[in-house]
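*Asks:* Given next are the chains, with one letter for each unit.
2 protein chains.
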Amino acid sequence: MSESEKKESEIKKSPKKELENIGFKILQQIEKNENPYLEVPIRALSNVCYDEKTKLLKLGEKKAKRYFLNIAHAKKFMQTIIIASKCKELIEENIHTSLRDMFYAVKRTLPDSDENTFDEQNESDAVIEDLEVMLDLLREQLHLNADVRGRVVGKVTILDSGDTIHWDKLGSGGWAIPSNVENIEFKRVDADFCLVVEKNAAWERLNEDKFWKEHNCIIIGAQGQAARGTRRLIKRLSEEFNLPVYVFCDCDAYGWYIYSVIKTGSMNLAHTSEKLATPNAKFIGLTMSDILKYDLKKYTIKATEQDIKRAKELMNYKWFQHPHWQRELQMMINKRYKAELEALTSKGFRFVSENYLPEKIEKQDFLP
Amino acid sequence: MSESEKKESEIKKSPKKELENIGFKILQQIEKNENPYLEVPIRALSNVCYDEKTKLLKLGEKKAKRYFLNIAHAKKFMQTIIIASKCKELIEENIHTSLRDMFYAVKRTLPDSDENTFDEQNESDAVIEDLEVMLDLLREQLHLNADVRGRVVGKVTILDSGDTIHWDKLGSGGWAIPSNVENIEFKRVDADFCLVVEKNAAWERLNEDKFWKEHNCIIIGAQGQAARGTRRLIKRLSEEFNLPVYVFCDCDAYGWYIYSVIKTGSMNLAHTSEKLATPNAKFIGLTMSDILKYDLKKYTIKATEQDIKRAKELMNYKWFQHPHWQRELQMMINKRYKAELEALTSKGFRFVSENYLPEKIEKQDFLP
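Just so you know, the sequences run in chain order V and W. Note that numbering that gives the first Met the number 0 has the first sequence beginning at 0, numbered continuously upward. Note that numbering that gives the first Met the number 0 has the second sequence beginning at 0, numbered continuously upward.
Derived by calculation from the structure, the hints in this document are not laboratory data. Watch out, some of these pointers could steer you wrong.
Here chain W is said to cover these stretches of chain V; the calculated rule only asks that three of the stretch's residues, wherever they fall, bring their Cβ under 8 Å from a Cβ of chain W [stated by the list, open to error]:
#	segment
1	32–41
2	61–74
3	102–114
4	143–155
5	242–255
6	280–290
Beta carbons: idealized from backbone N, C-alpha and C, even for Gly.
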């Protein structure tokens, strides 16, 4: 099976069956008089690595066993089973819910007791992430929705929950990206590339100028760090339609990290990279070099100690080792300023849509 | 002219002409050899009052004069004229932009000088608010967009920027509410009420259950404090289609304040209340009484000192004087706990859509 076929089959495997298998395995262990256990890949940073080949952050091979008959493991064992069972319920009833809702649904499941099965949401969140890695499924496939944010516009028609939706007939608003885009069916994708914009205000400006019509592209507004639904949508557009992805963020360590999460994945959720990250994504701006090129020095902001510290961290990440990124980061550390993408507005309200972006795209002037 | 006709004519007055009038008046003053001045209503809290009749927070009558030939006023005078002139440019070119973009566009307009006309965005924001009150226009009418957030679904068809958009044909995503809803034309509004939900996750749950179809309503997800575009949309639906508005927030002082901003307006932007606030809005939950009624005590969260302080502040606001609100606030202060709307999920994933909301609506069990 090729890498891409393998990925395909993973996405199509039945989450309900996978959940049931957890139960069956435990039953078998009990029948064999074994101490029941679950095998959970370790999600600590020590088990996170950058895979040079796929250009993705990934989980390593380390696994841990979680035993029922072990005082240190028993509570977590119980919590895992409770969440798995609730997820099965969600799938059977075909409803989706949020992490917060799940926490409240499982907070107390012991009748006639004052003991909580979960005290805080971080406990249920951690167990949900454990299930994701154990089953190699996205939490969305377990019917658990992540934060919802982001909007999209472009010459695309999709089928979602029985509705045919034209992303080019949505006026000034666009389509609100749901937290779960797994079941969206693409009917028409008439685009040469996909532009991801960190800030919704810039997205509105580009939409008003009908940039997507003029340049035949899809524009996604991420509203800060891209939500999982948005990242999965970018990934699907890139992979299924072979679309180049250009990311447009502020010129600071945070903006650049937003880009790197879209491209490479995040360290906290390294197990999701294969499904959520888009390794072909490119950075269209804003760069430190842009500040010189477009004479924006007067519109920069003094970098804080925190900014410099963060830039130094990025310099050490394996996925920022390309000499162009090293140069950009070094410039930021030396010059001690940063800039927002809005700084380009000093050149005119339409400068971004009429000059900056078209020039960058024409010259393929991207950072890797 | 009736109150509503008056409002109508205000909304339809020409922002471009209003901006030009600022210039003409100054020209006249100069021709009469007067010291040119602008008359600006005072936006300080001392000039904010609650109008019992309209149930809105409003600006009082106090005004100040801003003179050109006055060392203390000259910079602000110049800034006001620069922003007014840039807004005229936006209107003439028919483009909209954000407050942040406007700041960068006006930061330095003095050629051959190292002096900034604006050092920080709070200076340009303040001048924009001054212009709003001087001209009695929304900043959106000056083509300045506020933060964009929120999504909507329901049996509604609108016309926006040439596109016909059906809010009931948008799958799981809904329509992303733009920052400016002034020019939206409603073609069909088939709804009995409008439900505003503080949290987008709860909005997704309700949308998945097709609550809007079953109960013939419009559901708006505010994503926290409602953005101006969202507030204006609620106002328009309430006023133009006589729709009752029910607001669903967390049971804490912040959730309740989110409700009060939708209903009464905010203190900082008291001059916008007439255009953005919906005095007929009602609070559907979550209340302290709900916690007792639905036995949610186990799912509450301990209130912080900050929560209690905020609750005490609300108790003193004139628009929270209704005995039912006083009782709720007193309960919160006495019991020292709060709850999120997700606490209702402890009763089942569909409890909100199948029990809680329908029962409240049937019994008209709202807080004023």
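*Asks:* Has the segment 242–255 of chain V got at least three residues whose CB is nearer than 8 Å to a CB belonging to chain W?
*Replies:* violated (count 0)
*Asks:* With a C-beta cutoff of 8 Å, work out whether three or more residues of the segment 102–114 of chain V approach chain W closely enough for the coverage to hold.
*Replies:* holds (count 5)
*Asks:* Check whether three or more residues of the segment 32–41 of chain V sit with their beta carbon closer than 8 Å to a beta carbon of chain W.
*Replies:* violated (count 0)
*Asks:* For the segment 280–290 of chain V, do at least 3 residues have a Cβ located nearer than 8 Å to some Cβ of chain W?
*Replies:* violated (count 0)
*Asks:* Between the segment 61–74 of chain V and chain W, are there enough contacts, at least three residues with CB-CB distance under 8 Å, for the coverage claim to hold?
*Replies:* violated (count 0)
*Asks:* If you count the residues of the segment 143–155 of chain V with a beta-carbon closer than 8 Å to a beta-carbon of chain W, do you get 3 or more?
*Replies:* holds (count 5)
Checked against the numbered hints given earlier, the structure breaks hints 1, 2, 5 and 6 and satisfies all the rest.
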